[in-house]
Amino acid sequence: MGYNPDKPMEGRLTDLGPPHYEQFMPPVIKENKGKWLWHEIVQPGVLMHKSETGDEVYTVRVGSARLVTCQFIREVCDIADKHCDGYLRFTTRNNLEFMVDSKDKVQPLLDELASRGNRFPVGGTGAGVTNIVHTQGWIHCHTPATDASGPVKAVMDELFDYFTSMTLPAQVRIALACCLNMCGAVHASDIAILGIHRKPPMIDHNRITGVCELPLAIASCPLGAVKPAKAEIDGKEIKTVKVTVERCMFCGNCYTMCPAMPLADPEGDGIAILVGGKISNRISHPKFSKLVIPFLPNNTPRWPEVVEAIKKILEAYAKDAKKYERVGEWAERIGWESFFEKCDIPFTEKSIDDYRLAYDTWRTSTQFKFTSHIK
Amino acid sequence: MAKHETPLLDQLETGPWPSFVTDLKKQAETKPEVYDILGQLELSYKDRITHWKHGGIVGVFGYGGGIVGRYSDLPEKFPGVEHFHTIRVAQPASKYYSTANLRKLMDLWEKHGSAVTNFHGSTGDIILLGTRTENLEPFFWDLTHEMGQDLGGSGSNLRTPACCLGQSRCEWACYDTQEACYQLTLKYQDEIHRPAFPYKFKFKFSGCPNDCVAAIARSDISVIGTWRDEIRIDQAAVKEYIAGNYPANGGAHSGRDWGKFDIQKEVIDLCPTQCMWMEGGELKIDDKECTRCMHCINVMPRALRPGADQGASILVGAKAPILEGAQMSTLIIPFMKVSADNEYEELVEFIEKVWDWWMEVGKNRERVGETMQRVGLPTFIKVMEIEPIPQMIKEPRSNPYVFWSDEEVPGGFERDIDEFRRRHAA
Chain A
1 MGYNPDKPME GRLTDLGPPH YEQFMPPVIK ENKGKWLWHE IVQPGVLMHK SETGDEVYTV
61 RVGSARLVTC QFIREVCDIA DKHCDGYLRF TTRNNLEFMV DSKDKVQPLL DELASRGNRF
121 PVGGTGAGVT NIVHTQGWIH CHTPATDASG PVKAVMDELF DYFTSMTLPA QVRIALACCL
181 NMCGAVHASD IAILGIHRKP PMIDHNRITG VCELPLAIAS CPLGAVKPAK AEIDGKEIKT
241 VKVTVERCMF CGNCYTMCPA MPLADPEGDG IAILVGGKIS NRISHPKFSK LVIPFLPNNT
301 PRWPEVVEAI KKILEAYAKD AKKYERVGEW AERIGWESFF EKCDIPFTEK SIDDYRLAYD
361 TWRTSTQFKF TSHIK
Chain B
1 MAKHETPLLD QLETGPWPSF VTDLKKQAET KPEVYDILGQ LELSYKDRIT HWKHGGIVGV
61 FGYGGGIVGR YSDLPEKFPG VEHFHTIRVA QPASKYYSTA NLRKLMDLWE KHGSAVTNFH
121 GSTGDIILLG TRTENLEPFF WDLTHEMGQD LGGSGSNLRT PACCLGQSRC EWACYDTQEA
181 CYQLTLKYQD EIHRPAFPYK FKFKFSGCPN DCVAAIARSD ISVIGTWRDE IRIDQAAVKE
241 YIAGNYPANG GAHSGRDWGK FDIQKEVIDL CPTQCMWMEG GELKIDDKEC TRCMHCINVM
301 PRALRPGADQ GASILVGAKA PILEGAQMST LIIPFMKVSA DNEYEELVEF IEKVWDWWME
361 VGKNRERVGE TMQRVGLPTF IKVMEIEPIP QMIKEPRSNP YVFWSDEEVP GGFERDIDEF
421 RRRHAA
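Here the protein sequences line up with chains A and B, keeping their order.
Read in order, the letters of the first sequence correspond to residues 1 to 375 in full-length UniProt numbering.
Read in order, the letters of the second sequence correspond to residues 1 to 426 in full-length UniProt numbering.
It is worth saying that the hints were derived from the structure and are not from the lab.
Please note that a few of the clues may not be correct.
[To be verified] Result set (PhoX-like, lysine-lysine): computed pairs, CA atoms no more than 20 Å apart in a straight line: (1) K53(B) - K199(A); (2) K353(B) - K200(B); (3) K288(B) - K363(B); (4) K265(B) - K322(A); (5) K260(B) - K323(A); (6) K260(B) - K82(A); (7) K200(B) - K187(B); (8) K322(A) - K311(A); (9) K363(B) - K227(A); (10) K288(B) - K323(A); (11) K260(B) - K319(A).
[As the list claims (entries may be wrong)] Short derived list, chain A residues pointing at chain B, Cβ under 8 Å: (12) Q71; (13) R74; (14) R333.
[What the hints assert, rightly or not] Here are the in silico distance ranges between beta carbons for each label pair: (15) D265(A) - Q264(B): 29 to 37 Å; (16) H20(A) - D356(B): 27 to 35 Å; (17) K350(A) - R397(B): 41 to 49 Å; (18) A114(A) - E387(B): 55 to 63 Å; (19) M1(B) - P8(A): 25 to 33 Å; (20) M384(B) - K239(A): 39 to 47 Å.
Glycine residues also receive a C-beta, built at the ideal position from the N, C-alpha and C atoms.
Required output: the full structure, derived from the provided sequences and hints.
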């Protein structure tokens, strides 16, 4: 028996919630929950956790494209069936984790993964670059200013060696959001790739009456740039909106509320790079990432300008930062003026805040460093 | 469905990182509509713009969340993606799976959908990417009846809560994040599936201040594990680190020669509160000064452990930039016991108090952090009936513009101008 469209509510089950997690935990995990004592990264991508019972679990971490198919998941299941008693997990950064309960099971698993070409790269641990968390982009979203899976593939191809090694001063978390909604923690990542629009919304007067609630569209603008207006359609006056262009900062919230205000554009859209955010409370407070490159074009399919910019920042950091220092902590220690110089990023007025609380970010001190910016 | 030329996407098949294009092409051999996904994406690569229409309200009976409607703007050209609705499926806590469960879910998705997925979406759900409206109810029926699983949240709802892996495989978790996440997810099924809020609302559960699930940056209520007694020290293990017998930071830096481990330089001097020192070959910590940043514990996991009196800090109001700019969540309750024994009573009471207030005063599309900012933290804590304490702020205000109230000033605000003028001529 399946769904019966004639009696949709008959026998209906709702609000079951997620299945209980415990049934999916490998036996060694289930038996040692709450008893773990310490862990070590045995080699890049391989973790060992030691329990007070003496048990050990070895975890092999593997990067994935996140945008994956049923076939791919079945292949992952084949590997887990063969090596991990039919269990596996995913991380919040879209890695796969295969767990085994003894050291001698690690190498056969690694060999299995290696035998499948480049489908299962092992890494993403410790002082390296782990998988990029990202959003949907052009594969599913209606508001993106860039693609997601494509730029991520291009960046990870270039940074691959940093995924499989642990040679950086600390971990570097990279994230991509394809618009300012930032589905994900892009706003607090070491390096953030952010899709942005640069043209104000157009107004589709022909459609606005049917698809928008005007007060909502007007209220949606955080800067009051959307205002009530009138327009003539087929000789009839209709109520619509207008946009005060000088006030628009291209957030796209009006389009989300009102489909008759599209703003995406091939030339207008692209990517901004933000740097220096983190989530962890370790040593310094969690911090937001800061805008250092206001715009790079959507040069499909490989976004070479974006890839190059990120590599340059990462390598300047790798060369200069101290052990344990996150990108943002490094930038704050050396000063942002030095950051721009060391990363060879041109400074523009676009990096000077002129939004809310902007004054908090202006320098009210005579303490600064002489860099090439002072002519 | 027709196979499309994809010269731009084909270029994403080279390079060492796994290619979603290769994966999609392979899947298209058995699910031809995937050719249309590739075809439309290729066109987006050419046009440098999305080809999805705005919105489209779809769902299953009785639910207002869990499915995101999406339609192609070129349905004639790409009939396989004419409808391309996303189904969010609630993920098991910490994203552990059995292959039996995953295989079954994949069977259902190949039957009812495009066979394209995200493992996982940023909020944490399993994302099943692309199906037609008429498939939604049959899929939901099979998901609930055959698998006992359910949809996650979308829209102005409680979003599917998420947690770090917690005590399941981490020595630092200060409470059982999985159980808290599971129990509260079950408790609030109605809030997850039926929109009643001004905007989205997220809980996230992290076991320690390392915050691996990024609760502090993206959840309206962040539950972050901590402790209030002393860091547990194994002095013998400290000596092993000093001797270089245990790798610092759990081996996270082994790829580069940073020189011999130096406890003074790498731990004691990097402590943000300078509360540690060596004395007679032993590591000493003035725990009263410790702010539990986790650095020393991270560096020496075999020597140091969080204290045994464990609970969580509760912070409120994180969000990404739209609308009022990005906000981290603000520390409201420094320490709360988080325990399944009393069904998370204290946390539940707090959550519901926040909701009652926010649902009343929050504006449309205003996250709770924005409402807090609009009314001010003093008002928020007054509404929450919480005493102000200095832990809530980084520093006291530097302006003197205090909103004194009528009752706080002797004689109140009502005064007589005529009586005033008798004493002070204009």
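Taking the hints in turn, this is what the structure says about them:
no. : hint                          : in the structure
1   : K53(B) - K199(A)              : holds, 19 Å
2   : K353(B) - K200(B)             : holds, 17 Å
3   : K288(B) - K363(B)             : violated, 42 Å
4   : K265(B) - K322(A)             : holds, 11 Å
5   : K260(B) - K323(A)             : holds, 12 Å
6   : K260(B) - K82(A)              : violated, 41 Å
7   : K200(B) - K187(B)             : holds, 17 Å
8   : K322(A) - K311(A)             : holds, 18 Å
9   : K363(B) - K227(A)             : holds, 19 Å
10  : K288(B) - K323(A)             : violated, 27 Å
11  : K260(B) - K319(A)             : holds, 19 Å
12  : Q71                           : holds, 5 Å
13  : R74                           : holds, 6 Å
14  : R333                          : violated, 12 Å
15  : D265(A) - Q264(B): 29 to 37 Å : violated, 56 Å
16  : H20(A) - D356(B): 27 to 35 Å  : holds, 29 Å
17  : K350(A) - R397(B): 41 to 49 Å : violated, 31 Å
18  : A114(A) - E387(B): 55 to 63 Å : holds, 58 Å
19  : M1(B) - P8(A): 25 to 33 Å     : holds, 30 Å
20  : M384(B) - K239(A): 39 to 47 Å : holds, 41 Å
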